[in-house]
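In order, the protein sequences belong to chains G and W.
When we follow our numbering, the leftmost residue of the first sequence carries the number 1, and every step to the right adds one.
When we follow our numbering, the leftmost residue of the second sequence carries the number 1001, and every step to the right adds one.
Don't take each hint at face value.
As the list claims (entries may be wrong) - Take a look, some chain G residues computed to stay more than 10 Å from chain W by CB distance:
(1) M121
(2) R189
(3) R203
(4) D224
Unchecked claim - If you anchor each label on the Cβ, the simulated ranges turn out as follows:
(5) G:F49 x W:G1462: 37 to 47 Å
(6) W:A1435 x G:W124: 35 to 45 Å
(7) G:G99 x W:Q1106: 50 to 60 Å
(8) W:E1181 x G:Y27: 49 to 59 Å
(9) W:R1193 x G:L30: 37 to 47 Å
(10) W:R1389 x G:P62: 44 to 54 Å
(11) G:I108 x W:R1389: 52 to 62 Å
As the list claims (entries may be wrong) - Example chain G residues on the side facing chain W (calculated, C-beta under 7 Å, incomplete):
(12) P43
(13) P128
(14) L150
(15) P153
(16) G239
(17) P240
(18) Q257
Quick caveat, the hints were computed from the structure, so don't treat them as lab data.
Glycine included, C-beta positions come from ideal geometry on N, C-alpha and C.
Here's the letter readout for the chains.
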Amino acid sequence: MRDQSETRTGYALLLPALGVLALLALYPILALCWLSLRHRILPFGIDEFAGLDHYAVLLQTPRFWNSLGVTLYFVGVSVALEAALGLCIALLLARNFPGAGWARALIILPWAIPTVVTAKMWEWIYHPDFGVLNYLLQATGLVSAPVNWLGTPSLAIHAAIVADVWKTTPFVVILLLAGLAMIPPDLYRASALDGASPWATFRHVTLPLLRPILLVVVLFRMIDALRAFDLLYVLTGGGPADTTETLAIYTYKILFQTLQFGYGSAIGVVMFLVVTLVSLLHFWVGRADFRRLAGRAP
Amino acid sequence: MRHITTISLEERTEAQVSETARAVILVWRRGHAPIPGVYCRHSAKGETGARVILHTCKRWLAGLVAITIMGVAGCTSADRSPSAGPDTITLLFRHGKVSGDPRPLQKLLRQFEAAHPTIQVRSEPLPSSTDLQHQIYAINLEGGAGGIDVLAMDVIWVPEFARAGWIRPLDDLFTPALQAEFFPNAIQADTYRAQVWAAPWYIDAGVLYYRKDLLEKYRRPPPTTWPELVETAQIVLEGERNSRLYGFVWQGRQYEGLICNALEFVRGNGGDIAIREGRITGLAEPETVEALGFMRDLIHRHRISPSLVTTADEETSRHLFGSGRAVFTRNWPYAWALFERDGSAVHGKVGISPLPGFRGHGSASTLGGWHLGIARDTRHPEAAWELIRFLTSAQAQKRLAFALGIAPTRTSLYEDPDLLAGQPVFAVLRPILLAARPRPVTPFYPMVSQILQSEFSAVLAGLRPAGAALRSAERELAKVLRLERL
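Looking at chain G on its own, in the form it has when it is part of the complex (with noise of 0.2 Å):
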């Protein structure tokens, strides 16, 4: 009986959180979806039910493939680069040595400049005629021609990604070091006695340990990625002929570049379902894991 009544004083608890998270996720979200049923473009007037007309068209128009496309493949990459390249700079950075301290703190200033100024920086780094990466090529002969790298279709795309895993590197590398920071050191003592090679160590210790906190990583990182936006458009602003053009980019310019709001909702739907679906198959896939770091026993 008074387990029962308990739960009852907990349910009761969790009541005005659960208010507050319909009020802030839930109703914008049934609103999205309500809008996406409908004609609706304000400033002319049009406002009408469509049922599922947005989604039929949807399906028929070649670019939304291609920005779900662009959109998976720049989370794909992106993310794999970063898990990898952030791994190798936290195993790095979490030994001892002169200086560490300094490079620890100094390794987050990438991902603390604001996105706008990073895409600009870039801008100009990529620039055909005045960038620095061009300088550098033609001065060392490794290309013979400035290459317009944010203007031709195959370059672009990777171009970006290169200046999102620049910037959102020292994100999984500090995350990275606090899970190293959690592994007990015995357990490294131990191995050492054993006489494990440093691979060994990595592959039985250091990874398994850190498996959880790198699933988190890999998830916030591609919920972000999916989400693409500021970075690409103000770099390339969806182009060169759409192939940058992510679905947040494609949203943003239905909805206020030509106010369809109907349609543009129906896209943002989509980039929601997309969202919550690679998210639940990530839980999935790592679902021990997350039970481990929920303080449950695997």
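Following the hints, position chain W against chain G.
Then chain W, alone, in the frame of chain G:
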């Protein structure tokens, strides 16, 4: 944290804050999304611990309230001015940044105030990005919260703003007799559903700039056809043997300027992209396909345009030509004054001529320019019209043309001896401006333009052949134009 919050609020200028507040108010009024502050109830005075948190919360609420009040104040401030007497009214005039020195325009406005003692003008420049300007207008005018009386619009926005009911028809004030004094193509762009909605403030058209000195050196006349331009550029490039010199730079970035450039090639080839009775015409025609293909050929076959034109806008190409790194460039008239100013690397070496066409067809510039309209919600339509009449008067236009080199919209000024003596370039510009043709006139222009931009850009980048891209654009446009019939 608290500290940072306070500073960031204080550091914002009032204009920025009220802009945000207006956006918030619009969203709230329309019921699109909830705003946290509106639903948040401030609890009773903090008696228990966690005072710091509560204090922070208070600051936030105070900030929100301040923003809202500033926003609301911004809506009505058009009628409140510290120095204004009881009968004085204040007009809010919003416009994009005029290229170059802002002082001549300010001087004109002060002169207007001197001539109209009961009217004061507060001018608020908008960000230079036209996309942002469009967004700010959309938010303010649709929300009815901007307090705008007179606004400057890009020529392509007039039908959209008219259909949206953001601006007033001017037929009673801007009579046919008055209209006849302006460029007819500009008036055509201001006309939607048989009513006139704006008055032309200044006019733009694409022109060709060339290096007089280089053409003379190789004994080549300014080209009148595109093949001639290709030939001349190749001859100069071969003779100069300078790897840092380009033949022809233009605007191929995926943005509005690409539409202007592409239309010039298409129309110069006898084609035309137009919207008639809710249908797009001329898009997948051979003339259009050929013209788009030629634009790509300039980069890859004729090799007179560097591949960077696919990311170039007006300023990129102006800087390249202005630093002596191109034989030809396409730009608007504003660039002339900048090429010719003291200290410019090409000072005295620049020629200006109509854009070339293809054999058998004439030159066809795209019409640009800015137009003045009266906001629907203004409380002072008469005063607003007075201001527009003043700004579009011969005297005011002459002043801006002298000071900034921007092109007046009154045809008579192009015969004005003073102006021609001071700015001889207007004699060359006159026929170009007279012949310039508007982009498709439709309230759905932003949507049309976006679709065309991505397909044109795909052609230039070589992702799709011109024919396939244009057919795809035609399909997408049909979906958008269906909205016209809703």
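Here is how each hint holds up against the structure:
With a least CB separation of 17 Å from chain W, G:M121 remains clear of the 10 Å interface cut-off, as annotated. With a least beta-carbon separation of about 40 Å from chain W, G:R189 lies farther than 10 Å from that chain, consistent with its non-interface assignment. Every beta carbon of chain W lies more than 10 Å from that of G:R203, the smallest distance being close to 41 Å; the non-interface claim holds. Listed as outside the interface, G:D224 is consistent with that label: its C-beta sits roughly 21 Å from the nearest C-beta of chain W, beyond the 10 Å cut-off.
Between G:F49 and W:G1462 the beta carbons are some 42 Å apart, a value that agrees with the proposed interval 37 to 47 Å. For the pair W:A1435 and G:W124, the beta carbons lie near 39 Å from each other, so the given range of 35 to 45 Å is met. Judged by the Cβ atoms, the range 50 to 60 Å given for G:G99 and W:Q1106 holds: they are separated by roughly 55 Å. With their beta carbons about 55 Å apart, W:E1181 and G:Y27 fall inside the hinted range of 49 to 59 Å.
For W:R1193 paired with G:L30, a C-beta distance near 38 Å keeps the hint of 37 to 47 Å intact. Look at W:R1389 against G:P62: about 49 Å separates their beta carbons, and that is inside 44 to 54 Å. A hinted range of 52 to 62 Å holds for the C-beta pair G:I108 and W:R1389, which are about 59 Å apart. The beta carbon of G:P43 comes within 3 Å of a beta carbon in chain W, closer than 7 Å, and the hint placing it at the interface holds.
At a threshold of 7 Å, the smallest CB-CB gap from G:P128 to chain W is about 4 Å, leaving the interface hint in force. Given the 7 Å rule on beta carbons, the hint for G:L150 holds: about 6 Å separates it from the nearest Cβ of chain W. Taking 7 Å as the C-beta cut-off, the interface hint given for G:P153 holds, the closest approach to chain W being about 5 Å. With 7 Å as the threshold, the beta carbon of G:G239 comes within range of chain W, its nearest partner Cβ sitting at about 3 Å, so the hint holds.
For the restraint placing G:P240 at the interface with chain W, the shortest Cβ-Cβ distance is roughly 5 Å, inside the 7 Å limit, so the hint holds. The closest approach between the C-beta of G:Q257 and any C-beta of chain W is roughly 6 Å, which is under the 7 Å cut-off, so the hint is satisfied.
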